[in-house]
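Student: The primary structure of each chain is shown beneath.
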Amino acid sequence: MHIPDGFLDVKTCITTGIVGAGAVAYSLRKTRVSLSRRQVPMIALTGAFIFAAQMLNFPIAGATSGHFLGGAMASILFGPAVAVVIMSAVLIIQALIFQDGGLTVLGANILCTGVIGSYAGYGVYRLGLIMLRGRLTKAVTFVAAWCSIVSAACGVALLLAWSGTFPIGVALQAMAGWHSLIGIGEGLLTALAVAYLTERNVDMEGLQPKPEVTPT
Amino acid sequence: MSKPLTVTGNKRKWIVMAIITLIAAGIISFFASSHPDGLERVAADHGFLDEAKKPSWTAWISGYELPGIAIPILKVGLAGIIGVALLFLVLYGLTSKLTRREEEDHVGENDHHPS
Numbered sequence: 001m002h003i004p005d006g007f008l009d010v011k012t013c014i015t016t017g018i019v020g021a022g023a024v025a026y027s028l029r030k031t032r033v034s035l036s037r038r039q040v041p042m043i044a045l046t047g048a049f050i051f052a053a054q055m056l057n058f059p060i061a062g063a064t065s066g067h068f069l070g071g072a073m074a075s076i077l078f079g080p081a082v083a084v085v086i087m088s089a090v091l092i093i094q095a096l097i098f099q100d101g102g103l104t105v106l107g108a109n110i111l112c113t114g115v116i117g118s119y120a121g122y123g124v125y126r127l128g129l130i131m132l133r134g135r136l137t138k139a140v141t142f143v144a145a146w147c148s149i150v151s152a153a154c155g156v157a158l159l160l161a162w163s164g165t166f167p168i169g170v171a172l173q174a175m176a177g178w179h180s181l182i183g184i185g186e187g188l189l190t191a192l193a194v195a196y197l198t199e200r201n202v203d204m205e206g207l208q209p210k211p212e213v214t215p216t
Numbered sequence: 001m002s003k004p005l006t007v008t009g010n011k012r013k014w015i016v017m018a019i020i021t022l023i024a025a026g027i028i029s030f031f032a033s034s035h036p037d038g039l040e041r042v043a044a045d046h047g048f049l050d051e052a053k054k055p056s057w058t059a060w061i062s063g064y065e066l067p068g069i070a071i072p073i074l075k076v077g078l079a080g081i082i083g084v085a086l087l088f089l090v091l092y093g094l095t096s097k098l099t100r101r102e103e104e105d106h107v108g109e110n111d112h113h114p115s
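Residue numbers (UniProt numbering), protein chains in the order written: chain B, 1 to 216; chain Y, 1 to 115.
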């Protein structure tokens, strides 16, 4: 779901460029506070994995393909601020080196797949954990990743509509429709990867999960 | 802290991830579907796919195919490996710079508070 140059009008490019830059600056500052040394290679490897997984387009219905995004995976593992940093790095390298996603729409891509994808995935994940009291984490992860890619797609639809490309209702329906199918792949891969890369918190064993949350 | 799961510190698992990443980018990428993705499909269906502008500049590895290589699987595979390596290096450099500054402020703070 990389927006190419030319899909968005000038006002949308400029606005998303400014907001996107602000979001990256905020995430970098937040990352600096929360990051620990041992996470450095893990974060680098997660970014590399997300880049690789994004190359693997899988066929879905109607001669259409979809690919993994990774915002939910990154934010569930490291929190949304680090996830925005990871996703921005992926998107910037894809745009600069591989010509995947335009330069004038880099802010829009960072905003949709980076910021919206990471925060939506993280929000749904935390909400699911609270509601199910820490049970069924794999199912919660699947749903969080599905919501992440569908809301990123809705973000793209809104920007397309704002650019006057096509009406907002049609845009939302078309983008959410296709990406609710692609979201199944996103959900499965995210659930697998997160299950493999996490372990039960030893301190929590035998304890009733507390309902209150202290995010990051 | 109500997080039931924490990111594993198991080195073997992360090495497996690295191997999976390299295989995915270096080999499986060649077999990826070339059908239009979700956004391209929507653009084609609603008649604005042609509005996508050809960039006015040429990226080093345009379209995930390393130029100057004849064998198709190597073209894609090497492009993927270069991308993976770039991301690892960029994120490693960036995040270690961010932690270094943090550690100057809080020397000796414990290493493992999950964020």
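By construction, these hints were calculated from the structure, which means they are not laboratory data. Among the hints, erroneous ones may be present.
Stated by the list, open to error - The calculated DSS-like cross-link candidates involving lysine-lysine, where the alpha carbons are at most 27 Å apart (straight line), are:
hint, chain 1, residue 1, chain 2, residue 2
1, Y, LYS53, B, LYS30
2, Y, LYS11, B, LYS138
3, B, LYS138, Y, LYS53
4, Y, LYS11, Y, LYS97
5, B, LYS11, Y, LYS11
6, Y, LYS13, Y, LYS97
7, B, LYS11, Y, LYS54
8, Y, LYS75, Y, LYS53
9, Y, LYS54, Y, LYS75
Student: So, for every hint listed, does it hold in this structure?
Tutor: Now the hints, each set against the structure:
1. Y/LYS53 <-> B/LYS30: 35 Å, violated
2. Y/LYS11 <-> B/LYS138: 22 Å, holds
3. B/LYS138 <-> Y/LYS53: Not satisfied, since the Cα-Cα distance of roughly 41 Å exceeds 27 Å.
4. Y/LYS11 <-> Y/LYS97: Measuring from Cα to Cα gives roughly 22 Å; hence the hint holds.
5. B/LYS11 <-> Y/LYS11: Not satisfied, since the Cα-Cα distance of roughly 47 Å exceeds 27 Å.
6. Y/LYS13 <-> Y/LYS97: 25 Å, holds
7. B/LYS11 <-> Y/LYS54: 20 Å, holds
8. Y/LYS75 <-> Y/LYS53: 24 Å, holds
9. Y/LYS54 <-> Y/LYS75: 21 Å, holds
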